[in-house]
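Participant: So the chains spell out like this:
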Amino acid sequence: MSLRRRLLPAAAAAIAALLVLGPLARANDTATDLKDCAMNAIERSICVYEAIMADIRDNFPMEAEGGITALRQTATTTFEATISREGARDLWTYEIGFDANGSVRIENRTEGVK
Amino acid sequence: MKQTIQMSNFDAELDTDVCDAQNNMNLTLKLRLGFTQINPAGGAAEGTYHDYGDPSDPTRRIIRWTDGSWAQWKRNFVTTAQAFWNGKFWLMNPSSLFAFQDGGRTFIPNAYCRMRITAQEGTATDNHHSISVVRLHSSENWFGSHSTLYDSLDTRSTRKGVNDDGTPIMQRAHVHEVGHLLGLGHVDEGEAHCPTSGNTNAAACYGLTDHDQNSVMGQGMQLRREHAAPWQKAMRRFAFNEATQTSRPAASLSDLATLAGTAVLAGLVNWEAKMRRHYPRTPAEVAARTLVTSPRSPASP
Numbered sequence: 001m002s003l004r005r006r007l008l009p010a011a012a013a014a015i016a017a018l019l020v021l022g023p024l025a026r027a028n029d030t031a032t033d034l035k036d037c038a039m040n041a042i043e044r045s046i047c048v049y050e051a052i053m054a055d056i057r058d059n060f061p062m063e064a065e066g067g068i069t070a071l072r073q074t075a076t077t078t079f080e081a082t083i084s085r086e087g088a089r090d091l092w093t094y095e096i097g098f099d100a101n102g103s104v105r106i107e108n109r110t111e112g113v114k
Numbered sequence: 001m002k003q004t005i006q007m008s009n010f011d012a013e014l015d016t017d018v019c020d021a022q023n024n025m026n027l028t029l030k031l032r033l034g035f036t037q038i039n040p041a042g043g044a045a046e047g048t049y050h051d052y053g054d055p056s057d058p059t060r061r062i063i064r065w066t067d068g069s070w071a072q073w074k075r076n077f078v079t080t081a082q083a084f085w086n087g088k089f090w091l092m093n094p095s096s097l098f099a100f101q102d103g104g105r106t107f108i109p110n111a112y113c114r115m116r117i118t119a120q121e122g123t124a125t126d127n128h129h130s131i132s133v134v135r136l137h138s139s140e141n142w143f144g145s146h147s148t149l150y151d152s153l154d155t156r157s158t159r160k161g162v163n164d165d166g167t168p169i170m171q172r173a174h175v176h177e178v179g180h181l182l183g184l185g186h187v188d189e190g191e192a193h194c195p196t197s198g199n200t201n202a203a204a205c206y207g208l209t210d211h212d213q214n215s216v217m218g219q220g221m222q223l224r225r226e227h228a229a230p231w232q233k234a235m236r237r238f239a240f241n242e243a244t245q246t247s248r249p250a251a252s253l254s255d256l257a258t259l260a261g262t263a264v265l266a267g268l269v270n271w272e273a274k275m276r277r278h279y280p281r282t283p284a285e286v287a288a289r290t291l292v293t294s295p296r297s298p299a300s301p
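Heads up: the protein sequence lines correspond to chains A and B, in order. In terms of this note's numbering, the first sequence opens at residue 1 and continues consecutively. In terms of this note's numbering, the second sequence opens at residue 1 and continues consecutively.
Incorrect hints may appear among the rest.
[Unchecked claim] To be clear about the criterion: a stretch of chain B counts as covered by chain A if any three or more of its residues have a C-beta under 8 Å from a C-beta of chain A, and this derived list gives those stretches:
id: 1; region: 50-59
id: 2; region: 148-162
id: 3; region: 200-209
[To be verified] A few chain A positions that, by computed beta-carbon distances, are all more than 12 Å from chain B:
id: 4; residue: 43
id: 5; residue: 44
id: 6; residue: 50
id: 7; residue: 53
id: 8; residue: 73
id: 9; residue: 83
id: 10; residue: 100
id: 11; residue: 107
Bear in mind the hints are in silico, worked out from the structure with no lab data behind them. We put the CB at the ideal spot given by N, CA and C, even for glycine.
The task is simple: from the sequences and hints, build the whole structure.
Facilitator: Now the structure itself:
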């Protein structure tokens, strides 16, 4: 039996399990995220960027046709998002707080324009 | 008589020759725009250009303009922007200024607000504004443009926002930009979330409520009476000239003081904008603040 033939049934079973356990898996996402945020600097950065992107999605008052064209750290707890649209680039600056349990939170957002 | 004054952003022409019992004077704002092509470097057919012309921003693919595409783009820009702004406002004359006779009767004209845009080459010396334009490659659907750097898609209707009920708010960018060229600011300028002391290009300045977002100086295409401000500004200049040149040959502060409290002074200040046609009025109708919105029949008093 080829490797491919041996793996196919296993893959099918895994997909079926995911379909059944999907809601459970999602419920555990938050805990997993907190653990990942504390794991190392890369994971912590990802958590920060995800929090900022979610904040932009929820609060940016226009359709920004150019999207988020830059997202960078400018100081230890300061991050800057550039949102490009017709006429101007919005520059939203975030102050981020890091909790001992690994979670990150947006402490302040300043809206400016470049 | 036709007279022209030069404002900071445009020229304004007042034509009283067209006045009769049915027609107001024409107040035409004239905007001469100088357009310059931006083409790929080195004469190539294709190339790239940075959003906003800023090397720190992403690049987009651009192609070389042809004579035909350039002429068509400029023609489309002028035709559509002019159609949007031309003939949408009437300014109510509250004074006796510019009175004329028709059929032995005296009438006071209002000002019919018109707009004339002329597209010229960027090298012309009398441009009011200079604008560079990139021609986007067919694979691109967006470019970061601003008030002096456009792209070939800026004349199309684009979704800029969403109403509370989920319906899209559409806008043609060049129409909005012409509003700026006339001196209009964003819809929420002066509000707490968009202080005039800061950069009024911030997203919040384009409106937070559906009503404000749908303004042409927000994210939409709706004209409002406040958008008549450039015409009102020009009209006040013409009214001042009329008041000081016809009734007060030597204009001075003391001349203005003597006008205080008269209907003439109102003509220097208050030119209320309407968005439907209003006809010339008799002095009695002006005094009674009667508005005339239907054609006057020859037999009417």
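Participant: Would you mind marking each hint as holding or not holding in the structure?
Facilitator: Hints versus structure:
no. : hint    : in the structure
1   : 50-59   : holds (count 4)
2   : 148-162 : holds (count 6)
3   : 200-209 : holds (count 7)
4   : 43      : holds (27 Å)
5   : 44      : holds (26 Å)
6   : 50      : holds (21 Å)
7   : 53      : holds (16 Å)
8   : 73      : holds (16 Å)
9   : 83      : violated (8 Å)
10  : 100     : holds (35 Å)
11  : 107     : holds (20 Å)
Going through the hint list in order, the structure does not satisfy hint 9, though it satisfies all others.
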